[in-house]
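J.: One letter stands for each residue in the lines below.
Number of protein chains: 2
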Amino acid sequence: MLKFAERTKGAKRSAIRELLKYTEQPEVISFAGGLPDPATFPTEFLAKVAQEEILHNALKSLQYTTTEGKRPLREALIRWLGEEGIKTTMDQIVITNGSQQGLDLLGRAFLDEGDAVFVSLPTYLGALQAFRAYQPTLVGIPLEEDGMDLSFLRRAIREAKRAGHEPKFIYVVPDFQNPTGITWSEEKRKELLEIAEKEDLLIVEDIPYRWLRYKGEHIPTIASLDEGGRVIVLLTFSKILAAGLRVGALVGPQEVVNMVVTLKQGADLCGPSLTQRLAVRFLTDYDMHAHIARLCQHYKVKLEAMLEALARHMPEEAGWTKPEGGLFVWVKLPEGVDTTKMLERALVHKVAYVPGQPFFADGSGQNTMRLSFALATLEQIEEGIRRLGAVIKEEVATLTLA
Amino acid sequence: MLKFAERTKGAKRSAIRELLKYTEQPEVISFAGGLPDPATFPTEFLAKVAQEEILHNALKSLQYTTTEGKRPLREALIRWLGEEGIKTTMDQIVITNGSQQGLDLLGRAFLDEGDAVFVSLPTYLGALQAFRAYQPTLVGIPLEEDGMDLSFLRRAIREAKRAGHEPKFIYVVPDFQNPTGITWSEEKRKELLEIAEKEDLLIVEDIPYRWLRYKGEHIPTIASLDEGGRVIVLLTFSKILAAGLRVGALVGPQEVVNMVVTLKQGADLCGPSLTQRLAVRFLTDYDMHAHIARLCQHYKVKLEAMLEALARHMPEEAGWTKPEGGLFVWVKLPEGVDTTKMLERALVHKVAYVPGQPFFADGSGQNTMRLSFALATLEQIEEGIRRLGAVIKEEVATLTLA
Chain A
1014 MLKFAERTKG
1024 AKRSAIRELL
1034 KYTEQPEVIS
1044 FAGGLPDPAT
1054 FPTEFLAKVA
1064 QEEILHNALK
1074 SLQYTTTEGK
1084 RPLREALIRW
1094 LGEEGIKTTM
1104 DQIVITNGSQ
1114 QGLDLLGRAF
1124 LDEGDAVFVS
1134 LPTYLGALQA
1144 FRAYQPTLVG
1154 IPLEEDGMDL
1164 SFLRRAIREA
1174 KRAGHEPKFI
1184 YVVPDFQNPT
1194 GITWSEEKRK
1204 ELLEIAEKED
1214 LLIVEDIPYR
1224 WLRYKGEHIP
1234 TIASLDEGGR
1244 VIVLLTFSKI
1254 LAAGLRVGAL
1264 VGPQEVVNMV
1274 VTLKQGADLC
1284 GPSLTQRLAV
1294 RFLTDYDMHA
1304 HIARLCQHYK
1314 VKLEAMLEAL
1324 ARHMPEEAGW
1334 TKPEGGLFVW
1344 VKLPEGVDTT
1354 KMLERALVHK
1364 VAYVPGQPFF
1374 ADGSGQNTMR
1384 LSFALATLEQ
1394 IEEGIRRLGA
1404 VIKEEVATLT
1414 LA
Chain B
1014 MLKFAERTKG
1024 AKRSAIRELL
1034 KYTEQPEVIS
1044 FAGGLPDPAT
1054 FPTEFLAKVA
1064 QEEILHNALK
1074 SLQYTTTEGK
1084 RPLREALIRW
1094 LGEEGIKTTM
1104 DQIVITNGSQ
1114 QGLDLLGRAF
1124 LDEGDAVFVS
1134 LPTYLGALQA
1144 FRAYQPTLVG
1154 IPLEEDGMDL
1164 SFLRRAIREA
1174 KRAGHEPKFI
1184 YVVPDFQNPT
1194 GITWSEEKRK
1204 ELLEIAEKED
1214 LLIVEDIPYR
1224 WLRYKGEHIP
1234 TIASLDEGGR
1244 VIVLLTFSKI
1254 LAAGLRVGAL
1264 VGPQEVVNMV
1274 VTLKQGADLC
1284 GPSLTQRLAV
1294 RFLTDYDMHA
1304 HIARLCQHYK
1314 VKLEAMLEAL
1324 ARHMPEEAGW
1334 TKPEGGLFVW
1344 VKLPEGVDTT
1354 KMLERALVHK
1364 VAYVPGQPFF
1374 ADGSGQNTMR
1384 LSFALATLEQ
1394 IEEGIRRLGA
1404 VIKEEVATLT
1414 LA
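Line by line, the protein sequences are chains A and B.
Numbering-wise, my numbering comes out as the position in the first sequence, counting from 1, plus 1013.
Numbering-wise, my numbering comes out as the position in the second sequence, counting from 1, plus 1013.
Because the hints were derived from the structure by calculation, they are not lab data.
From a predicted model like this one, the values you see are computed outputs, not experimental measurements.
Check the hints yourself; a few may be wrong.
[Stated by the list, open to error] When the alpha-carbon atoms are kept at most 30 Å apart in a straight line, the in silico DSSO-like pairs for lysine-lysine are as follows:
{"hint": "1", "chain 1": "A", "residue 1": "Lys1016", "chain 2": "B", "residue 2": "Lys1100"}
{"hint": "2", "chain 1": "B", "residue 1": "Lys1335", "chain 2": "B", "residue 2": "Lys1354"}
{"hint": "3", "chain 1": "A", "residue 1": "Lys1174", "chain 2": "B", "residue 2": "Lys1061"}
{"hint": "4", "chain 1": "B", "residue 1": "Lys1354", "chain 2": "A", "residue 2": "Lys1022"}
{"hint": "5", "chain 1": "B", "residue 1": "Lys1073", "chain 2": "A", "residue 2": "Lys1363"}
{"hint": "6", "chain 1": "A", "residue 1": "Lys1061", "chain 2": "B", "residue 2": "Lys1061"}
{"hint": "7", "chain 1": "A", "residue 1": "Lys1022", "chain 2": "B", "residue 2": "Lys1022"}
{"hint": "8", "chain 1": "A", "residue 1": "Lys1174", "chain 2": "A", "residue 2": "Lys1201"}
[Unchecked claim] Partial chain B-side listing against chain A, Cβ under 8 Å, derived:
{"hint": "9", "residue": "Met1014"}
{"hint": "10", "residue": "Lys1016"}
{"hint": "11", "residue": "Leu1048"}
{"hint": "12", "residue": "Leu1059"}
{"hint": "13", "residue": "Leu1072"}
{"hint": "14", "residue": "Asn1110"}
{"hint": "15", "residue": "Gly1111"}
{"hint": "16", "residue": "Ala1255"}
{"hint": "17", "residue": "Asp1281"}
{"hint": "18", "residue": "Leu1282"}
{"hint": "19", "residue": "Ala1318"}
{"hint": "20", "residue": "Pro1347"}
{"hint": "21", "residue": "Gly1349"}
[Claimed, not checked] Label pairs and their calculated CB-CB ranges:
{"hint": "22", "chain 1": "B", "residue 1": "Lys1100", "chain 2": "A", "residue 2": "Ala1324", "range": "52 to 60 Å"}
{"hint": "23", "chain 1": "B", "residue 1": "Gly1376", "chain 2": "A", "residue 2": "Lys1203", "range": "46 to 54 Å"}
{"hint": "24", "chain 1": "B", "residue 1": "Gln1310", "chain 2": "A", "residue 2": "Lys1061", "range": "46 to 54 Å"}
{"hint": "25", "chain 1": "B", "residue 1": "His1302", "chain 2": "A", "residue 2": "Lys1335", "range": "57 to 65 Å"}
{"hint": "26", "chain 1": "B", "residue 1": "Ala1306", "chain 2": "A", "residue 2": "Pro1233", "range": "38 to 46 Å"}
In this text, a Cβ means the ideal position worked out from N, Cα and C, and glycines have one as well.
Please construct the entire structure, taking both the sequences and the accompanying hints into account.
T.: Below, the structure is given as structure tokens:
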């Protein structure tokens, strides 16, 4: 008989990844996926450099690389992060398989059973999944329009300590968060740093969507405001280059990176050389800024279309975020609506979304949903939101009757 | 300040990976690396199909893929493993980042602190590193010329049970093992299965070198002899296609694969699409068998050169394995020689090897070393072994005097 380890007892697959199977029926307009639009991938450039790298640079593109990742990639990241005001060095970067591996390795490095990790309600589902493998106490902090409720966070840290749950880090996605699209204000970023300093905690700043800003002003990364070496940055090429390359990076204090590299050796030895070389070439031989500007224009139109369609088709009982970037809009329905149950009816009406509950560490959020506008056409966005509005109106009416 | 998790206390980097830095000085003839020869990588084919895949198949090569890995790759693996007499299905395969990730995910799936894992003395260092992250009891079993000492294994299983260490699996590299080059006999493979059946244990059969046989007859994989669904196979494209792609697979009972897929979701979501597509094309559009025949011819000459040079230059006190394939020869020196200490002197004489001790779960093996012939030229093999022979003769003389 199979005797799995204790830690696997709570292991479950992402509700979303499982759900996607059902949303892929023909004629369903799906806002469920979290994928970037493949129309944005620079295929001609990548095809050309992939061929060049393999043919003329096989030793660098096809042989094992170091666990830390390719030197030229880390060098290029130092320059790129420098533009963001993040000062870093070669020893403070490790290349990961997307930022997901960074999340896993941080859990492995820091989390003993019961240790406290602070996450917003809601937060990125993949982070919950990665951390849960190490059986921590996940403490949910309400998310406001401009970031976490920081008074709540202060109290939660004190309470965790009192209950014997050693606080380890605070996990945040401060730019156009997945799933809500919410961006933290500069004030709250600074205040979060003060809290981390006072409580001697680390901050994990996950910035996959940072470069996808369609309006408004850039707000400094938490890492660029940090003077105490308390911030660990996770970044990925998935949303700005190509998701299927699985190239990400973890950037942080040297001692943390050193430990993460040691753990990554056991986890998978090193990442693929070829995909890292493609990322190097993207950062050094391509007009990345022009590319990102095109990406932003591409998604901006879709986001605006979705916000307009929501205004047109949602019942007045519904509320939603108005993100300035990223890939997601977050919808909140009246208490009592269960978006997981409602999904079945939505699929009958040929429209799909992701129920919000799995994004909540405390199991709340039954009345919420995540909508992605990335893959849909403008026509699909209008028609899909019209269908969804009708489903929600029906649901709200049923609720009022009951 | 930084409070790492308890499990990191014993975490250390591969002694070998760290050592390699010192062996890369100019003029040093190095037998230390475990890398395949990049001259064997089919660069023209890979360059062509990489360009094609990115340009004409971007949705499949650049977008996220499933956690299980690409369907066509799993289909091609079913056919390939079929040639090896291993019957498997789509649900019994998960694509991993090299076999190293398979080792890590098996540790994660099965190992609670103190659980017993049985490994040969010596065994693949990366496996020790992967398993140790989960704090098991690693039980070392002497390795004989034809495989593990199975009487010893039977006793060790009983003793582990008696001591409260729940036996979980036996880890073996039955073909041209890293580090010794030893291949298990068919008799021992069958007997191992009987033991696993009787004791209700799993066998992890790691076969990275299986296809690198230069002489003698193929011996059936343990998995092909298995009728009880007790064998988990780990394979990789690192040694037969290109190491830097990091494409491997874990093949086993559906329930195990199901758990591994769940855990991989949290660990890194999915592998890179592009590298998986290259592996698909290698299995379907390339004459893989002719390629492997060329590989074998390439390495056979080097292995023979090394065995001849050893016979010529080693003192009579030294013994070594005579592998029929793989990338390694294993040398045993008289008790009292410490190959770790001796390495410094070897480097003075401009020759490098890997000391054997890190491959022993019990810390023994001070008088052993691993030699790889994969990267050296025939001239370097002759000259390097001559230098090494001189170093060893000196060392043995010192020993006799002391």
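J.: If a hint holds in the structure, say so; if it doesn't, say that too.
T.: Here is what the structure says about each hint:
no. : hint                                 : verdict
1   : A/Lys1016 with B/Lys1100             : holds (24 Å)
2   : B/Lys1335 with B/Lys1354             : holds (25 Å)
3   : A/Lys1174 with B/Lys1061             : violated (58 Å)
4   : B/Lys1354 with A/Lys1022             : violated (46 Å)
5   : B/Lys1073 with A/Lys1363             : holds (25 Å)
6   : A/Lys1061 with B/Lys1061             : holds (10 Å)
7   : A/Lys1022 with B/Lys1022             : holds (25 Å)
8   : A/Lys1174 with A/Lys1201             : holds (23 Å)
9   : Met1014                              : holds (7 Å)
10  : Lys1016                              : holds (7 Å)
11  : Leu1048                              : holds (6 Å)
12  : Leu1059                              : holds (5 Å)
13  : Leu1072                              : holds (5 Å)
14  : Asn1110                              : holds (4 Å)
15  : Gly1111                              : holds (6 Å)
16  : Ala1255                              : holds (4 Å)
17  : Asp1281                              : holds (4 Å)
18  : Leu1282                              : holds (4 Å)
19  : Ala1318                              : violated (22 Å)
20  : Pro1347                              : violated (32 Å)
21  : Gly1349                              : violated (31 Å)
22  : B/Lys1100 with A/Ala1324: 52 to 60 Å : holds (58 Å)
23  : B/Gly1376 with A/Lys1203: 46 to 54 Å : holds (51 Å)
24  : B/Gln1310 with A/Lys1061: 46 to 54 Å : violated (34 Å)
25  : B/His1302 with A/Lys1335: 57 to 65 Å : holds (59 Å)
26  : B/Ala1306 with A/Pro1233: 38 to 46 Å : violated (59 Å)
Of the numbered hints stated above, those contradicted by the structure are hints 3, 4, 19, 20, 21, 24 and 26, listed in ascending order.
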